[in-house]
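Participant: Residue strings, one per chain:
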Amino acid sequence: MARLPREEWYDIARDVDWDLSYVDYDEVFPEWMSGTGKVPREAWAEWDEPYKVTYPEYVATQREKETGAYSVKAVLRKSRVFDQLDEGWKSVAKQHFGAVALVEDLAAYAELRMARFGLAPAWRNMAVFGALDETRHAQISLYFPHELLGRDPQYDWAHKAYHTSQWTVAAARATFDGMMMNPNVVDVAVQLPFTFETGFTNVQFVALAADALESGDINFANMISSIQTDEARHSQQGGPTLKILVEHDPRRAQWVIDKTFWVSARLFSVLTGPAMDYYTPLAMRKQSFKEFMLEWVAGQFADQLQDYGLKKPWYWDEFLAGLDTWHHGLHLGVWYWRPTVWWNPQGGVSPAERDWLREKYPDWEDRFGPIWDVIIGNINAGQAGLTLPATLPWLCSLCQLPVGTAGSPGNQRYPVRSYPLSYDGRTYHFCSRPCRQIWWEDRDTLHSPTVVDRVLAGEVQPPTVEGLLTWMGLTPEVRGTDAYGYRWARAYPPGDPGPAGDAGPAGDAGPAVTEPSNGGRPVPVNALFAGDFVTQLVTLQDTDTVDQAASRIAAQVVGRRVRSREAGLVVRLGGRVLPGELTVAAAGIGPLDSVDVSWDAGRVGER
Amino acid sequence: MSGRVGPVLRMSDDVDAIVAAIEDDNPGQQVTVVDRGAYTRVSGEGELRVTRASIERHLGREFEMRQFEELMSAFAGRIEMTSQEVRWQLGG
Ligand SMILES: [Fe+2]
Ligand SMILES: [Fe+2]
Numbered sequence: 001m002a003r004l005p006r007e008e009w010y011d012i013a014r015d016v017d018w019d020l021s022y023v024d025y026d027e028v029f030p031e032w033m034s035g036t037g038k039v040p041r042e043a044w045a046e047w048d049e050p051y052k053v054t055y056p057e058y059v060a061t062q063r064e065k066e067t068g069a070y071s072v073k074a075v076l077r078k079s080r081v082f083d084q085l086d087e088g089w090k091s092v093a094k095q096h097f098g099a100v101a102l103v104e105d106l107a108a109y110a111e112l113r114m115a116r117f118g119l120a121p122a123w124r125n126m127a128v129f130g131a132l133d134e135t136r137h138a139q140i141s142l143y144f145p146h147e148l149l150g151r152d153p154q155y156d157w158a159h160k161a162y163h164t165s166q167w168t169v170a171a172a173r174a175t176f177d178g179m180m181m182n183p184n185v186v187d188v189a190v191q192l193p194f195t196f197e198t199g200f201t202n203v204q205f206v207a208l209a210a211d212a213l214e215s216g217d218i219n220f221a222n223m224i225s226s227i228q229t230d231e232a233r234h235s236q237q238g239g240p241t242l243k244i245l246v247e248h249d250p251r252r253a254q255w256v257i258d259k260t261f262w263v264s265a266r267l268f269s270v271l272t273g274p275a276m277d278y279y280t281p282l283a284m285r286k287q288s289f290k291e292f293m294l295e296w297v298a299g300q301f302a303d304q305l306q307d308y309g310l311k312k313p314w315y316w317d318e319f320l321a322g323l324d325t326w327h328h329g330l331h332l333g334v335w336y337w338r339p340t341v342w343w344n345p346q347g348g349v350s351p352a353e354r355d356w357l358r359e360k361y362p363d364w365e366d367r368f369g370p371i372w373d374v375i376i377g378n379i380n381a382g383q384a385g386l387t388l389p390a391t392l393p394w395l396c397s398l399c400q401l402p403v404g405t406a407g408s409p410g411n412q413r414y415p416v417r418s419y420p421l422s423y424d425g426r427t428y429h430f431c432s433r434p435c436r437q438i439w440w441e442d443r444d445t446l447h448s449p450t451v452v453d454r455v456l457a458g459e460v461q462p463p464t465v466e467g468l469l470t471w472m473g474l475t476p477e478v479r480g481t482d483a484y485g486y487r488w489a490r491a492y493p494p495g496d497p498g499p500a501g502d503a504g505p506a507g508d509a510g511p512a513v514t515e516p517s518n519g520g521r522p523v524p525v526n527a528l529f530a531g532d533f534v535t536q537l538v539t540l541q542d543t544d545t546v547d548q549a550a551s552r553i554a555a556q557v558v559g560r561r562v563r564s565r566e567a568g569l570v571v572r573l574g575g576r577v578l579p580g581e582l583t584v585a586a587a588g589i590g591p592l593d594s595v596d597v598s599w600d601a602g603r604v605g606e607r
Numbered sequence: 001m002s003g004r005v006g007p008v009l010r011m012s013d014d015v016d017a018i019v020a021a022i023e024d025d026n027p028g029q030q031v032t033v034v035d036r037g038a039y040t041r042v043s044g045e046g047e048l049r050v051t052r053a054s055i056e057r058h059l060g061r062e063f064e065m066r067q068f069e070e071l072m073s074a075f076a077g078r079i080e081m082t083s084q085e086v087r088w089q090l091g092g
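Which chain is which? The protein sequence lines are Z and U, in order. Going by this note's numbering, the residue at position 16 of the first sequence is 16; the numbering climbs one at a time, nothing skipped. Going by this note's numbering, the residue at position 79 of the second sequence is 79; the numbering climbs one at a time, nothing skipped.
It is worth saying that the hints were derived from the structure and are not from the lab. Misleading hints may appear alongside valid ones.
[Claimed, not checked] Which stretches of chain Z does chain U cover? Using the computed rule of at least three CB atoms under 8 Å from a CB of chain U, they are:
1) 48-61
2) 200-206
3) 212-219
4) 231-241
[Claimed, not checked] Chain U residues, not near chain Z, derived (Cβ > 10 Å throughout):
5) Asp-24
6) Asp-25
7) Arg-36
8) Glu-47
9) His-58
10) Phe-63
11) Glu-69
12) Arg-78
We put the CB at the ideal spot given by N, CA and C, even for glycine.
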């Protein structure tokens, strides 16, 4: 029997809708969910998806995709492929499963919200396919790691991660709740399918597949690229929604894209950046993270923006500059705080890997080389304990990533510092001006307490690193260790780089995020030691002298990440030098203040 | 603005046939093919298309246009899909 071609009946079928007569339209499509704003309701009738598919076609295609993905898995199961995978590479997959599997599930709810509250029948129709897609993604991303559980307990975090408040999960949850769950569906369509799925997921799901295949992980490459074929279709809900929004409210369209792009870029710098430039074995790297980001995001996505009559976000230069630094700082942070993650980060700074980093990122050596040299020196001097955390980095109140990692050491333009904001009687710290501005504008839908906020609120007991690991759900057998057992560091000639000098007393005093009171009142501050790559939560006592406070802060950094020097220390609060003999209270240092400590060449030997 | 548009094909046995079909369907266009193993980026300037007829000719078997979705993990430009062809374009 001859069938009508799809285009001859499709538009009529998908536009089936009816006028409501028994209930109010506003009750069925309330503004807080449907979010039409300045767009007249009739305008949504123009919504036209570019990627047309019928239900029978959808089912047939998805069935073929699933058959493909699972049959590859079945074949490989009998092979020894998994045993031959590099430990660094395995961490890419472990990180991906934990960070992504249940976000796919969350995305199913976002699609369902559009399927219910979208203001055009065509849109609701497409969102139903989107919800079915995301359900498949969650299932496949849980099923693939499940069979590896018996080999390695870290795969358990594919399912467990989002049931914890582990810090990267808390960061991802804040970002995705703000993108998918909190806003109305017009904003969801612009944020999730348009900005996130056409801009960013391609880097994790298509670009990373290139590294995966090269690394021999055929299963993973096949799974993620299969998932992304669904995204290529349902991400097309973004375009038609954006087109209508741009026509009636271009300012809103631009803002929603700008804020989502920024937080997504921050998040991908901790997820995809280290995976591509450090964990993927050197010989298997197809391109650097920066090159992939330029190909997929800065190039392809920026074209798309212009095509819709929009501008590049106001912080575009800062974003581009960040491609040279953000993920290096975040990798250093994840590696240093490795017991706090569920995968084993590969240090990735052997002499050969370092040459590659210098070639791809000409400023890498100046920015990060000195810190890695201190770390390498400690490892090779048998002092690996000094490469483990005794405190917490301060976390940005928007992206929830360590403050400092939106800049880099020795970087005049984007230095390591906090961008604070006083609001409602307290100080909030941000990694960058854009994070601060976005939080300020949209704090009602974006605010979510960080792990540091929760420590400060007394939720983590005891407030030590061990207490924090337990609170974050990291049982001893899954806590991250160096993927190669420091093999990469041993490749340096003995004594080069040389020892970092004495570490401060906290180096052997045992971990303490906040220290026990010695009669004074605790004053938690956001402390930066000059030359470090992050700012940290350090708890001072109000009865400490400023000099004692300087030593407490130095103890977390000197000999650990910054080389020791024959020099005294100087403390600054808001740029003002504080006299060393005053007490913390008398010097005016209060809770949550930003305190800077640096070397003072004029005070040689006073330490 | 680069203005390059076209599909990104995931790894499969059919990549070569699809690329050949795209070349056939875009005479006069400089079709660029970048092979990164797990994906192959095919692009042209401003506009690119591929028809079902060309794909069937190069695959040597029947092909439904919906099946193109199984091969394409991303694309650049705006897409338009009918049962006979797929088109990618910018500035349209
Ligand atoms: Fe998905
Ligand atoms: Fe931030």
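Participant: All hints are to be evaluated individually against the structure, with a verdict given for each.
Facilitator: For each hint, the structure was consulted:
no., hint, verdict
1, 48-61, "holds (count 7)"
2, 200-206, "holds (count 3)"
3, 212-219, "holds (count 3)"
4, 231-241, "holds (count 5)"
5, Asp-24, "holds (22 Å)"
6, Asp-25, "holds (19 Å)"
7, Arg-36, "violated (4 Å)"
8, Glu-47, "holds (12 Å)"
9, His-58, "holds (19 Å)"
10, Phe-63, "holds (12 Å)"
11, Glu-69, "violated (5 Å)"
12, Arg-78, "violated (6 Å)"
Consistency with the previously given hints fails for numbers 7, 11, 12, ordered from lowest to highest.
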